[in-house]
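There are 2 protein chains.
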Amino acid sequence: MLSEVTLDDIRPIAIGAGILGTGGGGNPYLGSLHLESIMREKGSQPLIDPLTMDDDALVCVAGNIGAPTVSIEKLPEGTEMYRAFRLLEQHINRKFDAIVIAEIGGANSMQPLIAGLQAGIPVVDSDSMGRAFPEIQMSSFLFGTDATVTPFAMVDAADNAAVIPTAISDVWSEKIARNIAVSMGARAGLVSTIMTGAQVKEAGIHYTMTLAHHLGQQVIEAQQQKSDVPTVVADTLDGNVLFRGKITDVNRRTTKGFARGGVRMESFAGNDILEIEFQNEFLIAKINDEIAVTTPDLICIVTEDEGEPVTTEVLRYGTRVAVIAVPAPEQLKTTAALNVVGPKAFGYDVEFNPLSGGRIGYLPN
Amino acid sequence: MLSEVTLDDIRPIAIGAGILGTGGGGNPYLGSLHLESIMREKGSQPLIDPLTMDDDALVCVAGNIGAPTVSIEKLPEGTEMYRAFRLLEQHINRKFDAIVIAEIGGANSMQPLIAGLQAGIPVVDSDSMGRAFPEIQMSSFLFGTDATVTPFAMVDAADNAAVIPTAISDVWSEKIARNIAVSMGARAGLVSTIMTGAQVKEAGIHYTMTLAHHLGQQVIEAQQQKSDVPTVVADTLDGNVLFRGKITDVNRRTTKGFARGGVRMESFAGNDILEIEFQNEFLIAKINDEIAVTTPDLICIVTEDEGEPVTTEVLRYGTRVAVIAVPAPEQLKTTAALNVVGPKAFGYDVEFNPLSGGRIGYLPN
Numbered sequence: 035m036l037s038e039v040t041l042d043d044i045r046p047i048a049i050g051a052g053i054l055g056t057g058g059g060g061n062p063y064l065g066s067l068h069l070e071s072i073m074r075e076k077g078s079q080p081l082i083d084p085l086t087m088d089d090d091a092l093v094c095v096a097g098n099i100g101a102p103t104v105s106i107e108k109l110p111e112g113t114e115m116y117r118a119f120r121l122l123e124q125h126i127n128r129k130f131d132a133i134v135i136a137e138i139g140g141a142n143s144m145q146p147l148i149a150g151l152q153a154g155i156p157v158v159d160s161d162s163m164g165r166a167f168p169e170i171q172m173s174s175f176l177f178g179t180d181a182t183v184t185p186f187a188m189v190d191a192a193d194n195a196a197v198i199p200t201a202i203s204d205v206w207s208e209k210i211a212r213n214i215a216v217s218m219g220a221r222a223g224l225v226s227t228i229m230t231g232a233q234v235k236e237a238g239i240h241y242t243m244t245l246a247h248h249l250g251q252q253v254i255e256a257q258q259q260k261s262d263v264p265t266v267v268a269d270t271l272d273g274n275v276l277f278r279g280k281i282t283d284v285n286r287r288t289t290k291g292f293a294r295g296g297v298r299m300e301s302f303a304g305n306d307i308l309e310i311e312f313q314n315e316f317l318i319a320k321i322n323d324e325i326a327v328t329t330p331d332l333i334c335i336v337t338e339d340e341g342e343p344v345t346t347e348v349l350r351y352g353t354r355v356a357v358i359a360v361p362a363p364e365q366l367k368t369t370a371a372l373n374v375v376g377p378k379a380f381g382y383d384v385e386f387n388p389l390s391g392g393r394i395g396y397l398p399n
Numbered sequence: 035m036l037s038e039v040t041l042d043d044i045r046p047i048a049i050g051a052g053i054l055g056t057g058g059g060g061n062p063y064l065g066s067l068h069l070e071s072i073m074r075e076k077g078s079q080p081l082i083d084p085l086t087m088d089d090d091a092l093v094c095v096a097g098n099i100g101a102p103t104v105s106i107e108k109l110p111e112g113t114e115m116y117r118a119f120r121l122l123e124q125h126i127n128r129k130f131d132a133i134v135i136a137e138i139g140g141a142n143s144m145q146p147l148i149a150g151l152q153a154g155i156p157v158v159d160s161d162s163m164g165r166a167f168p169e170i171q172m173s174s175f176l177f178g179t180d181a182t183v184t185p186f187a188m189v190d191a192a193d194n195a196a197v198i199p200t201a202i203s204d205v206w207s208e209k210i211a212r213n214i215a216v217s218m219g220a221r222a223g224l225v226s227t228i229m230t231g232a233q234v235k236e237a238g239i240h241y242t243m244t245l246a247h248h249l250g251q252q253v254i255e256a257q258q259q260k261s262d263v264p265t266v267v268a269d270t271l272d273g274n275v276l277f278r279g280k281i282t283d284v285n286r287r288t289t290k291g292f293a294r295g296g297v298r299m300e301s302f303a304g305n306d307i308l309e310i311e312f313q314n315e316f317l318i319a320k321i322n323d324e325i326a327v328t329t330p331d332l333i334c335i336v337t338e339d340e341g342e343p344v345t346t347e348v349l350r351y352g353t354r355v356a357v358i359a360v361p362a363p364e365q366l367k368t369t370a371a372l373n374v375v376g377p378k379a380f381g382y383d384v385e386f387n388p389l390s391g392g393r394i395g396y397l398p399n
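Top line first, the protein sequences correspond to chains A and B. Residue numbers are given in this note's numbering: position 352 of the first sequence equals residue 386, and the series is strictly consecutive. Residue numbers are given in this note's numbering: position 83 of the second sequence equals residue 117, and the series is strictly consecutive.
None of these hints come from the bench; they were simulated from the model. Errors might be hidden in some of the hints.
Since copy identity is lost for identical chains, a pair holds within one copy or between any two.
[Said to hold, decoys possible] DSS-like, lysine-lysine: derived pairs with alpha carbons at most 25 Å apart: (1) K378 to K290; (2) K280 to K260; (3) K209 to K290; (4) K320 to K378.
In this text the structure is predicted, and so the values were computed from the model without any measurement.
Can you build the whole structure from these sequences, using the hints too?
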């Protein structure tokens, strides 16, 4: 695994995490500019191995909450997540030993590194999704351990801050956090889900920062070698290239703290239609009205020529893209997990029909 | 002034505070049932005199937040405000000496007494409105001192709780609190605005619990004597009976944490129309399309026969009512106050044209 994240690692991580973000997790380009500026000041960020970390370590989970459409218009102040981290420490009157990444997808892979640099503590190479999901209860730490979202802290770009000491359930934590995020302009840093090292070991999707980095490196190499980049992405993730075509329609609205809508594309020959519906992340893909992939399996859109991630907020008419289907990590496919992240959890009356395979979260070769 | 609130005082306070609530503040009948059940268990609740209290006393302001339409459907668990009080104490790591009433109107006059009984501390006979207002920045403690709404705590009927340590401004505190209240089912206990006794002295609208009690006593006596109760209400408050008639239309919707809409009535002779617009509270009254009264002056609706308060959530077709206009207390009519509670603060392009007089907040004879 990567032992630290240096300046040179930012670009591959931005590409890899952008692809793993399945449309969401925040704009990876803006995230990488921000990480770069902090890293030039503070140096590289150490990572720690989730499988050898101290069982008694006290950790928290960090991510941004909001709509990715907003993330490209309302830029961060830069210390949101760090201030939420300190606020939660103050609330529990204890110090955290390390930060765990809420979701490896998009800029949410990079913001916890920034918070770690600002706090002077390491980040664990593990996350709770192996991708991105729109809601905070959608976390392997929650359906895989007895951890809860509460207490959690949120801070925005200005002086607005909130601590939620208790909530009825993790789903209620999401409802409350989402409404607070709306008050905060649909973008806030959120630090939650206090755990021990042992809990991270048990339920994390491990080495996903290393995977994002590796995936990005493969993309960059394939670009340089003029290889077919979508195929390289699919092979690296044990997935397959589902579709190649041109975006012909985008229906996207920012509502109640999410970007919701759908995207439609036509194959280059013009005889096939692929449609994807999203709530921040791409959730369900249909080819010619037949369901092809559903959450929690990953639906990743990349540019057809360069294999660069195409996230929800930059979808637009005319872009030539490839859609890659990737089997979800096993932790997301248990019954408990599917209740939270399967198609029914998003209101689709569809059974989850898993793609075969699935190795995200395992150390790449 | 009243030195304590006993079981016998509940009915007069419910009537008086119901009238002073100008439609809002929560249903006074339900509030009084709740106060009665707690008082049967814990005894009477001591009040303290705002003008002789210790300047260094540490106090907080307590009220419910939400839509009055919800308050009659979603009953309280009973300790919401008390738990918010304890949560705020825990957050600042200090104990409060007394509770101050956010708004004397409606059930919000009684809930702080309940919290005081549960916490075993006195309640100050002073509030920040002399009536009810829909939003938390609408407080004489805020436009009259350098106190801020933050830090504040909110708790709902279940286990949802929130602490807001900081916010950009009091208006932002309202936005955040309102969205949290929506997550909490449009009803939550809110404890905020930490102050010293000196600040209460300086900016409070004093003796309004005593006034509510006195007003209720006058109403009960007038009912017994078969006097014209609306006239007695108007005389007690130095106001005037603006209109008598029958409600002919109610347009009321519960939206974004408020009850909003309007009520229309016809005079008994049928030749005059009075219309009132509300956001929880009655804000502006027009007679035959001419503006007659605007916030912060009080627009109170009572039943025409008995002079009982008619609050926003119980307005209905056919009720025979009297509308009483009452000059606002002076603290609400300064330039600073009118920026927050005048008609323009509610989006009406109308100047405030004050009714003459105004003694609410002064000790009744």
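Taking the hints in turn, this is what the structure says about them:
For the identical chains of this complex, K378 and K290 are intra-copy neighbours only, at 20 Å inside a copy versus 28 Å across copies, given an alpha-carbon limit of 25 Å. Taking identical chains as interchangeable, the C-alpha atoms of K280 and K260 lie at most 25 Å apart only when both belong to the same chain, with a minimum of 21 Å there against 81 Å between chains. Taking the shortest alpha-carbon separations for K209 and K290, both the intra-copy value of 10 Å and the inter-copy value of 14 Å come in at or below 25 Å. In the homo-oligomer, the alpha carbons of K320 and K378 lie at most 25 Å apart inside one protomer (16 Å), although the nearest pairing across protomers, at 51 Å, exceeds that limit.
Checked against the numbered hints above, the structure violates none of them.
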